[in-house]
Structure formats: C-alpha cells, structure tokens
Amino acid sequence: MKTPKESRASYEARIKIMSLLTNNKILELKKISNDIRQSIIEMLMEAKSGHTAGALGMADIFTLFYFHILKHNPKNPSWEERDRLVLSNGHICPVLYATMAHSGYFPIEELKTLRKFGTRLQGHPHKEYLPFVENSSGPLGEGLSQAIGMALADRIDEKDGSTSLTTGRFIYCFVSDGELDEGNSWEAIMFAGKRKLQNLITIVDRNNIQIDGNTEKIIPLEPLADKWRAFNWHVIEVSGHDFKSINEAVEEAKNVLEKPTVIIAHTIPGKGIKEFERDYKWHGIVPNKEQGEMALKELQDIGTRL
Amino acid sequence: MLNPKLKLNPKIFNESCEQESIRKGFGQGLVLAGEIDKNVVALCADLTESTQMHLFAEKFPKRFIEVGVAEQNLVTIASGMASMGKIPFCGSYAIFSPGRNWEQIRTTIAYNDRPVKIIGSHAGITVGADGGSHQALEDIALMRVMPNMDVISPCDALEAKKAALALAKTEKPAYLRLAREKMPIITTEETPFEIGKAEIFWMPDVGLAQVGIITTGEMVYNALLSAKELEAEGIKTKVVNLATIKPIDKEAIITLAKECKAIVTVEDHQIAGGMGSAVAEVLVQNYPVPIEFIGVQNSFGQSGTPQELIEHYGLSVENIKKAVKKVLKRKTS
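Top line first, the protein sequences correspond to chains A and B.
Counting in my numbering, the first sequence runs from 316 upward without gaps.
Counting in my numbering, the second sequence runs from 14 upward without gaps.
Honestly, the hints are just simulated from the structure, not real lab data.
Treat the hints with care, since some could be wrong.
Said to hold, decoys possible - Just so you have them, the derived chain A footprint on chain B, three or more residues with Cβ under 8 Å:
1) 69 to 78
2) 81 to 89
3) 111 to 125
Source: prediction; values computed, not measured.
We treat Cβ as the ideally placed atom computed from N, Cα and C, and that holds for glycine.
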C-alpha cells in the first residue's frame, strides 16, 4: 500500500480534527478522500474481485464522517458513548475498510489482505472477524432496521432515565439506493416514521446504479424524496461530494425533532476516475492492472492539484 | 413409571389433569424475565395476544415494541437492540418467523452472534383449523442448521415458562418453538429445566428398557401415553424429553441407545431435518442402532381438529406404539 506517503505521525497531525469545517479542513478532507480512493483501487487490484463504483462514490461521505462528524475513537473502538455507524450495503466495504485504516483503526498495510483467506477484511464485513464494525452486512435491506433497533434502545433508556450515556449519541445508517428495492427497507422506513426516531440519521447513496443497470430502469425509485416524506421522515437532498453541504445537512438533521432524517446524497459512482464514473458496469467488477495503474495516476494527479 | 426424581405431575394420566397452552407459559415466563432484568424487551408482529406477549406489554409498555405485520423488520430491529445491550424476545407465528425472515435471522442475529430470542408460536400440525399454510412443520430444520443458534422446544406451559427465564439469561441467539393448543401439564414447578439437558420422563419400574423413545414439544404427552400402554402390554420403554434440540444432549442419547439398542423419535414436524434427524446424526456417528421416525412425512397439513390431524398424519399414540413394536422387531431380527 502506497498511501499515505507521509509518516503515520505527520499524517495524523495533518488530519487532526478541528471542530469547525473550515475551508482548510475541507481541503484536508479532500486530500484524505483522495488517499482513500487510491487505497480502494490498490485493494481491489490486489483482491482481484469486489465492488468498485459504490466504494469510490462514497469515499467523500466516509471521509467526512470518520474525520469530522462521528464521535468515535479509533484507539478505543468499543468506547460505549461512540456514535454508531451502520453500513447496510456491505459490498462497498473497501471504502469502509480504507477509511477505518486511514483513521487509525488498523494498519493501512492490512488493506492488501482484503478478501484473502484468514483476513479480518472479509469480502463483506463480518463483525466476528473485524469487531470494529458495528454490524455484519452484505445481504441487502437489513442495515436500516438494525440502526432503528439501536436508536430505539437509546430512546427507551433515555425515557427510563437509567442512563445518561445516550445523551447526544446519534445512530447513522448508510444505505444504497439499489437496496431500497428490498421490502425490508420499507418496513424499516415505515416503522422509524411511526416511532419518530430523531436520533436516527440515514444517508442514501443515490448513485442511480445497481448490478443490472440504472435504478430507474430496473425498478424506478423516483420520486424518492416524496416516498420518504410520505413515510414521515425529514428529507434533505445534497451532493454527495460537497463536504460543506453534507455537513450542514447532518447538523440540520440533528436539530430536527420528532422525525428521523434521511439525507439523499447524490453521488457519482466510480467518482474520481473518469473512465469509471456513472457506468453501472463498474458496480461489481475491479480494475485490471492497466486500468488500475491508470486510475491511480489519475487520482495522484488530482491529489497534486489540491 | 414416571421418573420419580423429576417430580413430574402425578395427575398426568388422569382426566382431571390441568391443561394449559404452552404459549401461555411462555408469556408468563417472559413477564418474570422482565421483572428480573430491565434489559429484557419484547417485539411482536401484530400477534400480541396469540403469542401471549400481551402479558409483558401490559406490565412493561415502554419495553414492548409493536412492529406490525413485518417479520423481517421484527428480527432486524431486535438485532440492533441486542447490539446496545438489550435482550429482545421477538414473537410471531413460526411459519412467519423464522419462516419468512430466515435470512435476516441468519445475517443479523446468528452471523452477528447477538442474543435475540426468536419465539415461533403456533408450530406444528396441532395448529389445527387454520390449515396447512399456518402449520410450521419445517422450523426445527430451518433453525437447527444455523450456526450459533440454540433450539428449544418445551413440552408444556411450565417448561415454556422456565425456558423463557433461562433464555433471558444466556448471551446466545435462540429459537423457542411453541405449540398453540392447550396441553396437559406434564411437569411441576419443581421439575428441573436446563438448556442442553435431556431428561428421562418415563422408565421401567425394574430392569432395562427395550426401546428408547425420544420426543420433544407437544408430542411428549403422546409419547408418555404410549409408554404407559406399552408397559401394560409388557414392553419396557424409556421416554426422553429432548426439550433442547440444539445444542443436543449427545451423552443422554448415546446412553439411551446403549441401554435400549433401538430408538423411536416422535415430533410434530417434518421427519426431514427435524429432531429425529438430529438424534440420528448423533447415533450413526457414535452408536448406530435401528431408529423409527414419527413425524410428518413430506407433506403439508390441512384444516381439522388437532386430534384428527395427529391421527391422519401418523403422530398418534397408536402410531407411536406401532413404531416401537416395529423397531423392537428390527432390533431382534
């Protein structure tokens, strides 16, 4: 693994969390997400299988969460008061693993073990192998319900008054647009609206692709925002690559009472590499050596311009 | 005779024997578990009274969660709650949970190893009038095949109560299988119950048993009736209540096979993949003896009274007696 190029200590100094999302911080986040994208390409080239488009498309959102929004501690992953981040569409785990490694949960070098025998980085996340993740995932449409269960547990404890641990803790769930085809998703969406889970914030990776094609061709999701609204959610739409807008959306969501919030983040699948962008065929394939080297060069060029 | 050590109900064979539905005992046990541990929560998919969860809901309204007719959501929400330290009990009919939501249970509960308890009520052919669509005859197979999952099938209301209490104390995922109908109370408050332990409910007055009958759930009563009638005909049997189907009590099964050298299994479930299959898996690897299986033979059920269905599908006292005599012949020939 080539990234990051600095020593770990200087790298950590570079990414030191600032409480405000200043322009300088945004620039740092852009550099980090570029590093994470390079790691994703390197991991997938090494693994020779996996999912490219969604992982690249969500790199900015993962970066913003792990380096700015989430209350967490990579050196103490089981810290009780941490926010919970439930990744529902486990197939984009290269971006989860790369972001976790870059934020200090485990060595970046370990990323090259993705999908190999004995690895902690299973093809889809398995909590037994990598306890730092909140949930195992892979089969679609199941993450939101688990996040709901977490949010509900905190609400019960708050009302019970038996713990102050939950104060200020949020449960985040990342779901894909394709997995909204699953009935389980809508059972969950209906339920969260009923229970007014204000401590639950969901991000939809609206990249418009799934394995067989574009979402609107396979099973149309639009009008997607109206659907969530009809199920009694607060809906915000943002660009999934605009750190400032996403951050503001999360701030807004935290202040919405009596409703759960969904942030529909419009992302570009394959983001960062022009040849991969917006092409559904990159959902479940990986770059070969030539394509991978081309992609890394493109990302490095972007990096030097930042 | 009834095993005197277990302090079983002495009135079992009387017409005056008390009757109660197994699910009612579960409902009472869940309330007790809720009193002991405030982390116990209950979730139900629009079948609160049928699953007897209304007892818990009335006592602990804030810890009761109605999810509506959504069994996939039922167990996945429970999984999330378990990850935050709750001990969720999820109730529905066995045909819907684990029937409808098997993969959600596998991925979010068993694969995550979260201590969610799945309560499958109205299991077996004895559901009766609702018909074949509602008679879960495959649920033991579905759940015992799943790594990390325990499978419990209590024989009466009191055992169901004890099972609910015991499950609330374990940190493992578990499936609890419950029958709908009222059944004679076989055990007493004093009868021991331990997850993973099979108990000998019936034994010969003197000497060794000729056939071992292994049974579970609502069929334990029919097995005991058969044993009593067989005794009058001079055939000595032992009846083992295999309340925990997984983890299976290998030692008890092998010991029984060594004594009897012939086994009959009795369950209200498909023969394929059920409790009898689990027993056979143990015996063929450790101490092979002839086995006869009583259970539903590769067919769906239909409407009828429980008794009519038990007779039609070959689960009656007469069927058990015939199987015992058949296996006895196989053993001696």
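These are the hints, each one checked on the structure:
Under a criterion of three residues with beta carbons nearer than 8 Å to beta carbons of chain A, the stated coverage of the segment 69 to 78 of chain B is upheld, 3 such residues being counted. Coverage of the segment 81 to 89 of chain B by chain A holds [criterion: at least 3 residues with CB-CB distance below 8 Å; count 5]. Residues of the segment 111 to 125 of chain B lying with their CB closer than 8 Å to a CB of chain A number 6, which satisfies the three-residue condition for coverage.
Figure legend: structure checked against the earlier numbered hints; every hint is met.
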